[in-house]
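> Heads up: the protein sequence lines correspond to chains B, R and L, in order.
The first sequence begins at 0 in numbering that gives the first Met the number 0 and counts up by one.
The second sequence begins at 0 in numbering that gives the first Met the number 0 and counts up by one.
The third sequence begins at 0 in numbering that gives the first Met the number 0 and counts up by one.
Read the hints as simulated data drawn from the structure, not as lab findings.
Derived DMTMM-like pairs: lysine to aspartate or glutamate, alpha-carbon spacing no greater than 25 Å straight-line:
1. R/315 <-> R/348
2. L/296 <-> B/238
3. B/191 <-> R/16
4. L/212 <-> R/114
5. L/134 <-> B/19
6. L/156 <-> L/269
7. B/248 <-> L/305
Stretches of chain R that chain B covers, calculated by requiring three or more beta carbons in the stretch to come under 8 Å of a beta carbon on chain B:
8. 96–104
9. 119–127
10. 206–212
Cβ coordinates follow ideal geometry from the N, Cα and C atoms, glycine included.
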Amino acid sequence: MNIIILVKLVPDLVEELTVDASGAALDMAWLRLIINEFDDHAIEQGILLKERGGGQVTIVAPDVEGIDDVLFTAAAKGADHLIKVKGDFSAGVNNHALARALATVVKGLQPDLVLTGVQANNDIDGALGPLLAGLLEMPYVGYLSGVAIDGAKTKVRKEYPGGLIAEMEVTLPAVLGVQAAEQPPRYVAVSKVRQVMKTSTIEEQSASPLDPSGGPKISRMFQPETGGRATMLTGTADEVSTQLVGIFKELGVL
Amino acid sequence: MTPTETKQQSMYDQVLESTPRGERLKLCLQCGDCSGICPFGYLMIHPPSRLIAQLRADRFEKVLETDTVWMCVSCYACTAVCPAQIPLTPGLMARTKEELILNGNVPAELQSALENSQRYGNPLGESPRKRADWAAGIQPEVKIMGKFRQPVDVLWFVGDYPSYHPRVQATAKALTKILHALGVNFGILGPDETSDGDSQRLAGERGLFEMLAERNGLAFSKYQFKEIITTDPHAYNAIKNEYPRLEISYPIRHYTEFLAERLDQLKPLLKQEVKAKVTYHDPCYLGRANDVFEEPRHLIEAIPGVELVEMTHNHKNSLCCGGGGGGMWLDGFQWEKAHVRLSEWRVKEALAVGADILAVACPYETPRFEDAAKTVQGAGQLRVRDITELLVEAMGI
Amino acid sequence: MTQDIYVVIEHLRGQVAEISYVMLAAAQELAKGQNGKVVAVLLGKNAQGLAGNLAADRLISFDHPGLADFTSDAYQKVLAGLIQKDQPRAVFFGSTSIGTDLASVLSIRLGLPLVSSCRLFTPEGKYVSQICGGKIMAEGELPGPTSLVTMVPGGYKPEQGQSNQSPAVTQGEVPSLDSLRVSLKGYIEPAAGDVDIAKEPILISVGRGIQNKDNISLAEDLASALGGVVTGSRPVIDQGWLASSRLVGKSGKQVKPKIYFTLGISGAPEHAEAIMGSNAIIAVNTDPAAPIFNIAKYGVEMDLFDLVEVLTEKVKAAKAS
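So here's chain B without its partners, still in its complex pose:
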């Protein structure tokens, strides 16, 4: 079973996000990038599949600042091969460009299964997984909280609102969009990652020139107005509680 996992780094929302001088893009100078949390789940799901049924796990990611740490951490969790794809990703690229850049690499690896996060916080032109599925002409199912391999097919659990789950069968090779792995992403000790850094290597492949066509043109980025703010209740816990009891009475629940 040849499992490929696509990983991208996205803006860390812990930091303040600002729009740059052009007014149409995020200010990259202050941006801290972290792994897309759904891709982290995809890695966990991929490692679980390998632990259960054998196979090889390859991580493929665009070469951006901080990617080496992310790749080595995945190797410390059990990934077998690490590939970073070199290209001009510094200014940020849309998913169409990223998908095209990664498609040739992924195709060359002849995957049985491609896993990636179902979405990322900076998606503006669809999601990486299904775009790649389109390019590779593979079936795609997303919003998954469970994946099992059954011969030449995979059984997946697709999430719908309200806790409803659809069990589907998908013929391989396929691209799957992971919402949540069957268990939360495991912790790996820093010492283990440092050890892995000494023994693992990251393969580099080049991307063809980036082609962002298919994504929208953004003429303006801005922070939403925080209009219609709540009436703030102030005072000690005691005072605020008294005010709240009054509000509950007004609303007819007391």
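The hints should help you fit chains R and L onto chain B, whose structure is shown.
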């Protein structure tokens, strides 16, 4: 020793080799003092003495199957009482937790604290750029070394919780006032400061500790100062006892030692009476682990109106607040197993001696004891104050 | 090639999803300026009954047993054929488990541009999308001549997409649905025997700020005192601190209670969109910049642990008197 190096044997040897005086593990008499004095020993399947027994019997895999070692709050009680002077806390317990982490056995709450420490340089997951935000607006301005770029006499290592935790920032602000009143020429690292890493080390993440220590070492080397003081006994322990092994060596003192040295200058400033019965909780890493007992008490006694009373457990046998060794980030896990909190036990001791104020000197303690006071019957009026906050109250500033 | 706006109607187990109405409302807005009509596209088996209150000028129905339940391969095939043939001005998909299985693949397959997470459109043909957890908005011209779009709720009221005049129906020709690579095996219902939170008038909802499973009892005490029920946001359910039937959010339930009282919830879009219909949102959070305060009626900037027990006592006292 058999020719095949089993994992357990090599772990035994690793514990012996990696901790100073670790070879004393061989001298364990199985007296059980350690397991007896451990505050959560009764809940552990392998309290310290039994852990050593499993190691010696080559059955460490039994330990890996359990998770009760996470009840250990690294309070040093076992280490302090061991007649063979085995470094139980930093050696045995920390190393066992390390093995559990490597085996994927780490509670989820602790996992986020460790990941946050790695990513943001603090276990709370706050932006590293905001580490000095607590000092914004203070006049005179608190010197941040990266901006100030001049030598100072004292580098104040603030610590994670005084920097970011809303309740504990009051300690940082209070110490600032005191240092200004004493005319101390000090600076802070601000965004250049990263977690001291000591609790993470004792929670089993030695690699993470080294990474954090290296970052701090780099920051220290950029600036000129004569000594370091800190608000945090965990940072104190790390920088004093652990960093030198990583070739990061600076003179360091806890703020209570620094201020006690200046009591002649400080005492005349303590003009306002604080009429209260005050009891002092010895923090594990200031007291038991590093023998600093009297200086904090001198400071408290210098405050007019204060009557200092001692709790049943004091000085060397002080009771841990439960925050060390990862305990700060294992509350849910530990509650599930114990249904009692060490901080609540301590609050009851404070009430038993009729204390009005529970004085502390470690940033974990203020929020922990205040939370405990909310749930302990009769503790509604008990005030929890860091010594800096009491001094500032007495100074009327 | 037309200037019509096509809306792919989402339905699940015989119910039209609310996002479909939001999309129709948005399509109306866009169609105004593009001189086009709003065309609802419905795939299913005997699903026309669902079309009754869709605010569309006409409906294209694809009726086939193979389309009775959503599967990505089958729906993609049908829609690819339709879009290629009709070349509308835009095709709207929900930014949902259904819509996102379709839009991106079709973008590549048909060589059409795609704009996702759209919240609003102007008649002049501008889109406004939200990204980065709702912290950043992006705006631009909707690419022509044909654009694919995924939409999130929040910009329009579902009522704006409803009408008491059903649209005129034309039957679409369903292509061969052989050799599909995705098939449905069955559904798994959420755990029964628990409350239906969508029907409860008072919800006390906990977020990451509750910190651990043990503290949920604080919320339960308040809920009992008020006669309400405890719910949670995604991180709380993911940790297993509450059953998935208690999940409020994009991937959980949408709720419209009389009071939605939050403890330690930041109010990220995936959660906010599911509570917008609430009568009164009261939020408790230590972060004054938490987005929840922008949609709440009342806010308290305080540590929930300082407030909740005191409040519970006062509520009990008020009930007793």
